[in-house]
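Below, each chain spelled out in residue letters.
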Amino acid sequence: MEHKLLDKIEVPHDRFEIRLSGSGGQGMILGSVILAEAIGVDYSKNVVQTQSYGPEARGGASKADVVVSTNEIYYPKAMQLDMLLCMTQESMDRYYADLHKDGVLIVDSGLVKNVPTETYYALPFTKIAREEAGHVMVANVVALGAIAAFTGIVSKEDLIDAVLKRAPRGTEEKNRTAVEIGYAEAMKVKKDPSRRAED
Amino acid sequence: MVDTQRTLLLGNLAAVEGAIYAGMRFYAGYPITPSTEVAEGCSRELPKIGGRFIQMEDEISSIGAVVGASVSGMKAMTATSGPGFSLMQENIGYAYITETPCVVINVQRGGPSTGLPTKVSQSDTMQARWGPHGDYTAIVVAPSTVGDTVTETIRAFNLSERFRTPVVILMDEIIGHQRELISLPKPGEHQVINRVKATVPPEEFQPFRLTANGVSPMAAYGEGYRTISTGLTHDPMGFTTNEPKEIKVKLDKLRNKIMDFRSEITKLRVEMMDDAEIAFVSYGSVSRAVLLAVALARSAGVKVGLVQLYTVWPFPDNKLRDYCQKCQKIIVPELNMGQIVHEIRRVMPPDTEIHSLQRYDGEILTPMQILEKLEEVM
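Residue numbers (the numbering used here), protein chains in the order written: chain C, 18 to 216; chain H, 6 to 383.
Quick caveat, the hints were computed from the structure, so don't treat them as lab data.
Careful, some of the hints might be misleading.
Said to hold, decoys possible - Derived PhoX-like pairs: lysine-lysine, alpha-carbon spacing no greater than 25 Å straight-line:
| hint | chain 1 | residue 1 | chain 2 | residue 2 |
| --- | --- | --- | --- | --- |
| 1 | H | LYS334 | C | LYS21 |
| 2 | C | LYS191 | C | LYS207 |
| 3 | H | LYS272 | H | LYS258 |
| 4 | H | LYS324 | H | LYS258 |
| 5 | C | LYS173 | C | LYS62 |
| 6 | C | LYS21 | H | LYS258 |
| 7 | C | LYS144 | C | LYS191 |
| 8 | C | LYS144 | C | LYS207 |
| 9 | C | LYS208 | C | LYS118 |
| 10 | C | LYS21 | H | LYS331 |
| 11 | H | LYS378 | C | LYS21 |
| 12 | C | LYS205 | C | LYS62 |
| 13 | H | LYS334 | H | LYS378 |
| 14 | C | LYS173 | C | LYS130 |
| 15 | C | LYS62 | H | LYS191 |
| 16 | C | LYS205 | C | LYS144 |
| 17 | H | LYS334 | H | LYS324 |
| 18 | H | LYS53 | C | LYS182 |
| 19 | C | LYS130 | C | LYS208 |
| 20 | C | LYS130 | C | LYS207 |
| 21 | C | LYS191 | C | LYS118 |
| 22 | C | LYS25 | H | LYS334 |
| 23 | H | LYS378 | H | LYS331 |
| 24 | H | LYS308 | C | LYS25 |
| 25 | C | LYS25 | H | LYS378 |
| 26 | C | LYS205 | C | LYS130 |
| 27 | H | LYS308 | H | LYS331 |
Claimed, not checked - Over the 12 Å line for every Cβ pair with chain C, so calculated as not near, a few chain H residues:
| hint | residue |
| --- | --- |
| 28 | PHE58 |
| 29 | GLY78 |
| 30 | ARG184 |
| 31 | PRO206 |
| 32 | PRO207 |
| 33 | GLY236 |
| 34 | SER290 |
| 35 | ALA305 |
| 36 | ASP322 |
Said to hold, decoys possible - Chain C side only, calculated, beta carbon under 10 Å to chain H, not exhaustive:
| hint | residue |
| --- | --- |
| 37 | GLY57 |
| 38 | ASN63 |
| 39 | VAL65 |
| 40 | GLN68 |
We put the CB at the ideal spot given by N, CA and C, even for glycine.
Put together the whole structure using the sequences plus the hints.
Pasting the structure below:
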């Protein structure tokens with residue numbers, strides 16, 4: 018069908034759009050807030066964070082978007098994702114279509130088995146959190162460390178500062194470790210993508 | 006200019022910041038998604054500044070406590086969502102007839118009934134105007150960004166104090182649950198209006214005295230004035246009346262004190278309307294999708310603009326007609342089955358083509374859906 022208007026529309030790519038997706042309780046919304054706060058330290062950028070979740074306290078699909086731009090952000094939700102994190106198979110199936118063709122896909126390799134592309138990064142965030150960072154609850158923070166490494170949207174230092182501002186008292190070290198491990202593991206995968214199948 | 010005072014603020018907490026800036030020192034509420042963070046923020050901040058926070062047993066008592074606090078001299082607020090807003094209507098009506106300043110925030114979710122607690126909607130637009138029974142005139146404002154939420158909350162309190170009337174802030178799930186980097190206003194940056202207090206000797210005081218602008222100076226309970234608050238229709242002394250003449254005077258007062266000043270109450274954002282042939286008219290969060298759609302359509306050479314309603318009620322009949330007079334077509338995107346579109350049909354000349362663009366599945370209209378509609382009507 019011919020579109021006299023839509024065919025002429027070019028959406029300028031002046032935004033960097035991030036989505037963290039998974040299941041309620043995995044900390045995707047909190048993760049996005051921390052990420053937005055970390056990015057917001059840079060005064061040249063505008064940041065908008067939005068979220069979408071179900072009425073359940075745990076379970077149900079949960080997603081959060083962070084949009085970053087040096088221009089004013091009119092529309093607050095993501096349109097063409099530059100980066101998508103999937104922490105469940107359901108979120109993978111649901112949101113892959115929203116990923117830009119050059120966008121970065123990151124999955125929890127322990128929880129997402131079917132990925133509809135060859136180009137993606139995979140790390141077992143939940144397993145790393147449980148076995149190396151000291152608690153399964155910091156899987157989202159391990160993933161944030163990896164996001165910093167894979168995308169460069171935020172520095173590791175700014176991310177750690179933002180994580181520690183939100184970390185409950187007594188969990189600071191666990192959270193710092195989680196960022197460090199996520200970052201380090203992602204750097205290894207980035208240099209040698211063949212490692213990503215490891216789980 | 007680089008602003009180093011920016012903070013990543015949640016929309017619901019922006020309402021708390023605006024309210025405190027405006028002088029709100031009493032909050033009563035019953036938490037409900039997606040408005041809960043307003044209550045949380047007030048419970049955290051009010052005790053620090055000598056204010057009072059109280060969680061009531063339900064929404065009926067919440068608005069009751071707010072009215073009680075206001076007639077006792079405080080600036081008071083509550084926040085809720087659809088189901089709670091429905092429960093509050095009787096006492097909001099009581100606030101209209103007793104001319105009690107207060108602010109009610111409705112962070113809209115999908116309905117009817119419990120509906121969609123975590124999903125966006127604009128389906129309470131008419132309820133905000135016509136919720137309580139009876140004849141009265143409502144003031145309703147609608148922010149669209151986190152920054153707007155601060156300034157519109159300040160404005161809501163100012164309008165409420167100035168006109169001695171409840172003001173409803175229509176937010177929605179997207180604005181309430183969105184974080185944006187904003188700078189909070191500095192002291193003195195915005196005007197703060199306080200209600201006109203009674204100054205006459207106590208024996209001359211009339212709680213609903215007829216004045217030139219319709220607004221009666223107010224005395225708080227306990228200040229030495231004999232004052233009265235009744236939901237029954239009353240005369241200037243506050244005594245109940247069945248006299249047709251006095252009844253009409255009271256109802257005219259409720260309407261005229263607002264409608265005579267409508268042009269000062271209405272507020273619009275006008276973008277790219279100078280040469281626009283097609284206009285979008287919107288309010289609330291959906292306006293941001295429209296802004297992007299308008300910018301994209303302009304870059305493709307389409308003469309299109311946006312009129313955004315910051316004041317939804319009273320409806321800005323004359324201003325809208327002026328801004329849209331050169332437009333043959335108007336598109337009205339709303340997150341409901343078409344509510345404010347009927348006002349636009351009422352206001353515009355009959356030969357104007359008016360199109361309703363509706364979405365009511367719990368999601369926001371996207372810029373692409375708005376552009377598709379634009380292409381369809383072009």
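Now for the hints, and whether the structure bears them out:
1. LYS334/H - LYS21/C: 18 Å, holds
2. LYS191/C - LYS207/C: 24 Å, holds
3. LYS272/H - LYS258/H: 23 Å, holds
4. LYS324/H - LYS258/H: Cα-Cα ~24 Å, so holds.
5. LYS173/C - LYS62/C: Distance of about 17 Å is within 25 Å: holds.
6. LYS21/C - LYS258/H: 53 Å, violated
7. LYS144/C - LYS191/C: Holds - the C-alpha atoms of LYS191/C and LYS144/C are around 15 Å apart, at most 25 Å.
8. LYS144/C - LYS207/C: 19 Å, holds
9. LYS208/C - LYS118/C: 21 Å, holds
10. LYS21/C - LYS331/H: 23 Å, holds
11. LYS378/H - LYS21/C: 12 Å, holds
12. LYS205/C - LYS62/C: 29 Å, violated
13. LYS334/H - LYS378/H: Roughly 12 Å separates the two Cα atoms, so the pair holds.
14. LYS173/C - LYS130/C: Not OK: LYS173/C and LYS130/C at ~28 Å, beyond 25 Å, violated.
15. LYS62/C - LYS191/H: 22 Å, holds
16. LYS205/C - LYS144/C: 17 Å, holds
17. LYS334/H - LYS324/H: Satisfied, since the Cα-Cα distance of roughly 17 Å is no more than 25 Å.
18. LYS53/H - LYS182/C: Given that 25 Å is the threshold and the Cα spacing comes to 21 Å, the pair holds.
19. LYS130/C - LYS208/C: Status holds; Cα separation ~22 Å.
20. LYS130/C - LYS207/C: The given pair, whose Cα atoms are some 20 Å apart, holds under the 25 Å limit.
21. LYS191/C - LYS118/C: The given pair, whose Cα atoms are some 35 Å apart, is violated under the 25 Å limit.
22. LYS25/C - LYS334/H: 21 Å, holds
23. LYS378/H - LYS331/H: 20 Å, holds
24. LYS308/H - LYS25/C: 14 Å, holds
25. LYS25/C - LYS378/H: 15 Å, holds
26. LYS205/C - LYS130/C: Between LYS205/C and LYS130/C the Cα gap is close to 21 Å, so the pair holds against 25 Å.
27. LYS308/H - LYS331/H: OK: LYS308/H and LYS331/H at ~11 Å, within 25 Å.
28. PHE58: 23 Å, holds
29. GLY78: Fine: 38 Å to the nearest Cβ keeps GLY78/H off the interface.
30. ARG184: 4 Å, violated
31. PRO206: 55 Å, holds
32. PRO207: Non-interface label stands for PRO207/H: nearest chain C Cβ at 53 Å, farther than 12 Å.
33. GLY236: For GLY236/H, whose nearest Cβ neighbour in chain C is about 35 Å away, the distance exceeds 12 Å, so it holds.
34. SER290: 8 Å, violated
35. ALA305: For ALA305/H, whose nearest Cβ neighbour in chain C is about 4 Å away, the distance does not exceed 12 Å, so it is violated.
36. ASP322: Given that every Cβ of chain C is farther than 12 Å from that of ASP322/H, nearest at about 28 Å, it holds.
37. GLY57: 5 Å, holds
38. ASN63: 6 Å, holds
39. VAL65: Where the cut-off is 10 Å and the nearest Cβ of chain H is about 5 Å from VAL65/C, the hint holds.
40. GLN68: This interface hint holds because 6 Å falls under the 10 Å limit.
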